[in-house]
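**Q** Using the hints provided, position chains P and F relative to the given structure of chain S.
Protein chains in written order, with full-length UniProt numbering: chain S, 1 to 485; chain P, 1 to 485; chain F, 1 to 485.
If you are wondering where the hints come from, they were derived from the structure by calculation, not from laboratory data. You can take every hint at face value.
Computed footprint of chain F on chain P; a stretch qualifies when at least three of its residues, placed anywhere within it, have a C-beta under 8 Å from a C-beta of chain F:
1. 53 to 64
2. 214 to 222
3. 247 to 259
4. 263 to 276
5. 280 to 286
Backbone N, C-alpha and C fix where the C-beta goes; we use that ideal spot for every residue, glycine too.
The primary structure of each chain is shown beneath.
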Amino acid sequence: VIYFVQIYANTNMRLKLPITCFILEIILIILFGVLVEYDEETDAKKWHHSNHSQYDNDFYYRYPSFQDVHVMIFIGFGFLMTFLQRYGFSSVGFNFLIAAFALQWATLMQGFFHGMHGGKIHVGVESMINADFCTGSVLISFGAVLGKTSPVQLLVMAVFEVTLFAVNEFILLSILGTKDAGGSMTIHTFGAYFGLMVTRVLYRPNLDKSKHKNSSVYHSDLFAMIGTLYLWMFWPSFNSAITAHGDDQHRTALNTYYSLAACTLSTYAMSALTAHDGKLDMVHIQNAALAGGVAAGTAGEMMLTPFGSMIVGFLAGIISVLGYKYLSPILESKLKIQDTCGIHNLHGMPGVMGAIVGAVTASLATIEIYGNGMEEVFPDVADNKRTASYQGAIQAISLAVTLGFALVGGLLVGFIMKLPIFGAPSDASCFEDSIYWEVSSKKLLDTSKLCICPQPKKHCNYTVGKSRGPVDHCEDRRVRKARGD
Amino acid sequence: VIYFVQIYANTNMRLKLPITCFILEIILIILFGVLVEYDEETDAKKWHHSNHSQYDNDFYYRYPSFQDVHVMIFIGFGFLMTFLQRYGFSSVGFNFLIAAFALQWATLMQGFFHGMHGGKIHVGVESMINADFCTGSVLISFGAVLGKTSPVQLLVMAVFEVTLFAVNEFILLSILGTKDAGGSMTIHTFGAYFGLMVTRVLYRPNLDKSKHKNSSVYHSDLFAMIGTLYLWMFWPSFNSAITAHGDDQHRTALNTYYSLAACTLSTYAMSALTAHDGKLDMVHIQNAALAGGVAAGTAGEMMLTPFGSMIVGFLAGIISVLGYKYLSPILESKLKIQDTCGIHNLHGMPGVMGAIVGAVTASLATIEIYGNGMEEVFPDVADNKRTASYQGAIQAISLAVTLGFALVGGLLVGFIMKLPIFGAPSDASCFEDSIYWEVSSKKLLDTSKLCICPQPKKHCNYTVGKSRGPVDHCEDRRVRKARGD
Amino acid sequence: VIYFVQIYANTNMRLKLPITCFILEIILIILFGVLVEYDEETDAKKWHHSNHSQYDNDFYYRYPSFQDVHVMIFIGFGFLMTFLQRYGFSSVGFNFLIAAFALQWATLMQGFFHGMHGGKIHVGVESMINADFCTGSVLISFGAVLGKTSPVQLLVMAVFEVTLFAVNEFILLSILGTKDAGGSMTIHTFGAYFGLMVTRVLYRPNLDKSKHKNSSVYHSDLFAMIGTLYLWMFWPSFNSAITAHGDDQHRTALNTYYSLAACTLSTYAMSALTAHDGKLDMVHIQNAALAGGVAAGTAGEMMLTPFGSMIVGFLAGIISVLGYKYLSPILESKLKIQDTCGIHNLHGMPGVMGAIVGAVTASLATIEIYGNGMEEVFPDVADNKRTASYQGAIQAISLAVTLGFALVGGLLVGFIMKLPIFGAPSDASCFEDSIYWEVSSKKLLDTSKLCICPQPKKHCNYTVGKSRGPVDHCEDRRVRKARGD
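Excised from the complex, chain S in its bound form (with noise of 0.2 Å):
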């Protein structure tokens, strides 16, 4: 056991690394082994036993959804957090680890919570879909820490994260009969606010140390950009992806639509009004234009009409911008909460804003308006089994749980990944590929420390590929004009 504190304790990966990801996988094998099974849809014996017409598997309704949710997951968000200038292997890269773990792991904890048949989890298109969903949040608790954990504390949270998040889920979306399709309150305000307690335990009080690698250069916020669009196209797709079929998955799909563009707007314009001179900042709009999505997830299935949709995603913008520049730096000087990414401001706030709109648009549910669609959206009001206003108390008494949940996991969760075992980088080596990849020094070039060329032009032309030639020229120009010729 000591030999194995003193290999964790280390930041060198070498050993902790292999063995914690051979030891995750190979649990999960076992217990895939064990518990999980084909369901109706995916197994040949079962599909086969009755007649239906293909299209009646779920495949067909769902997989492409499915797949523009997995783009969000691994090239969403793995590229939104490239914008690090010296980190991109390790935001896209830990961000490609973490979720090819978690989405095991949730089917697991998912399947165990709300899939099991006969003591076995089944698994299909949807299961992989909630397993995104599941993912997603553990991706939304690594921004907050980006930078300063390594891939070991990083698994650990993911374990810790994905089984408290089933648990919450299956209480609101089972026991509560809440509606959240597109996750406002499971996926968005639990993952923002269960990262945001885990970096206010890792607080790092020098972290100034590593200061001037905490921000972007120029290519990086372009491969930031790549993540923004795909998760902002995609977000259509992934609050409808588990609605009901028909109407319920055409309409979400249009609402979130039409709060995202609203919410691009609101972005820029916000942006421009509060950032220096006029200009507009990168970090705005690589992420508070994503917030119209967050604020939809929830009534985004409800008929919350174009309209709704719209005003929802104007404010979600706004409330994101004012977050970036005026409440992070709050949060960080008071709170000591040193937030990378801002989660708070993307996730955190339009999470609890889309919460809220949920609980008030199914408040407002009316049979006039819903007809025998009713069923489908809130099916516990259809059947007169709880009142609109009923259902609109639920919606946000869920939101008090999963903010409870999210509190107090991410503290429980903090102190774990806190214990120095797990090879935490030191306050200089932070926002570094270079601990944890193998780089060349030539791939990292640090451009603060180049030259420039004093007659770049004229007298200098130095162009690669003829560095004879005109250095000689030059480098004799300039030593003759030192040695007074």
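**A** Same frame as chain S, but now just chains P and F:
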């Protein structure tokens, strides 16, 4: 009023961008509130009013295509324009802003002209695709003025161009009964000639002041290839997104696929043939290889056959490269048309070609070839309301109408954009992100000003992170040499 | 003829690339005109001849998967190879050219062997997917010779490889009745061993002349991750694209998803374990994490179970990393196989493993497990034409046949490509874009030759855009020091 004019005259965006965005979005929200409602397939009550399979919902026929189109609009157009070395933020960022605005405005304008139901505009997946299409047209025009206009000018352009687009589209599709599913005329020809007129009116005689920034660097060309490839891959979805269900969507995708493949080969051939010293030119590859998609925009849904599609694509690639090589310089020097992205070569000429191919293919339509499928491709011919030749003539007239709308519209809107209140950049600040975006000097590394180590490998092995030792050593060496040691 | 040979001997592409492209494309167009026609689902007349639901059109079953595969071919393979620091244009650009050619040629070759209907080749979404699959095989081979062949050589390779691919595929799928939906054998094993033989024949003993260019820089590794992730995310669509409708497509996607997730964890583990100083190696992450998709290519559609899929993926990741670390250097030093992308580790060994897994899984098939679904997975077993063991044996024989075709084919085609008329680059110009592309010296910044400011922060705060003042100051300082001031 005078105060506002003053605000707007300055290139600083602090007030005029927020004011413009807020006013536009608030108008949009109000109009959506008054005019827009869910259609039969997105409304919970209406959809559940009658009995039908969930698959009857158009969502399942068109949503995957919509998402492909969506990627083309935001990633495709956005990244295609990131080829400029110092204008990547603006390329992808203004593309994002304009598109998010235009799709909302287009929903209203297109709905007003051909989607009204009892005084209300109905929205669903088809309106989303159509709005994205109209947005595409605006982004094509953006390509002509890229680097030379403020975001406020671009929003003003979008307001008017979307309106004129909707009028032209209404005349063609609803009044004349023109077929143009992939928009060779309505989208590409219109967007291109509109944009060319705008850039003609905004002609800058002293644009050579920023000429050195109007070019690419190595990585910016790779970013642009992301845009190119997404446009290329998803063009089959673009052209087939709103054709009739079944064979029509299937055939359109197939035709476009072959047209693009043939176009790619002729593009590479012509690029090597015409470019300097037999080398390929990234400008051609990034753009001309897409001309096959434009040129198959009208005839793609017809019985063009793979053979016909390949001929069309093959010729489109040739024309487009020749345009980049020989016509663009003439347009600039003789006609004073400064076309940053060469939209005349990618959208203008191939769009006209596509319209002509469509007219010819339509005029050759017979019941022997189309059978009962004639009803879906040429309903007026199937119903004996017009002959195929007449349909062909209508297609040709539609091209003329579109060119007229585009040229006159672009002229007028160009003069509006020229008003000195929208903060157009100076000649010297064109193609420069830093006037609109927070860009640290470090971010925009001007590689032309960098020194190259005199003896890179032998004496002066500077590596990042080891600045102390070797640098001193090297400086010593050089300085010692200067001293005559 | 002599004149042509002279043209082709030079590395300059001005004439030989255009001539090759034009001749190939014109031949393609003529053959398409003579041989290709729409199938029942893309032809207006045939489709409307009988009554059916629009959803019966295979377009709706397969088009979303086709687009995912399309992205893998053009973005996935294209960007995966952009890891080379000075070969990004060629990686993504030649990938684009070869793929655009190969998919047309594959349509003819595959159609000739198994798509003829009354003397005509029928095309539709299934032929598009199959053509993309065949193209994928050529791109795998491209990975082995990346950086060392001219585009004309690559087109020559594609002509022959596509032909041999189609023959081998015909023997396996049509004659032997082999199951290989995701192409562990037909695509990966074939493409890999074909490419390895080609690169063996093209062995360059003096390749170390361009060794310094055969590596990545920081941003090129990030571009490569775009390719990796798209391949990873869409692999479930790849393996399921042409399986039977319903449970088969669903199950195949699910199995592949789990195989890839498990593979990712073992890849990270093995990379940290084997790489220098416990650091992760981007080469492993970019490539080995995909081996799980390759290894699930044959058995993915079978009742492999999630448990089995994860074991397969887990082992594939381990084998692949070990291959990169230990086998590739041996292949190069002992067998003279210079495998630029390490396709043996990503496609070769995992492909063989996938074939074996498929043979074993097939031999274990029982009616208890498959029920009536047996008809779709193993029709010959369901019809009692062969036993499951016999099917397994056939699968194993198919692997041997594929290896034979690949090795002999690669050998022959390698010698054809070696003919000194296709403009192969010299040893010193390998891995270098500038011999094929217009690249300004400025574009290819050779970071190894850059100076670093002696006192970056204190005396010499050069920033771009302020070259005048500080530079003079700094130069003065240095020169003054030299003068002994």
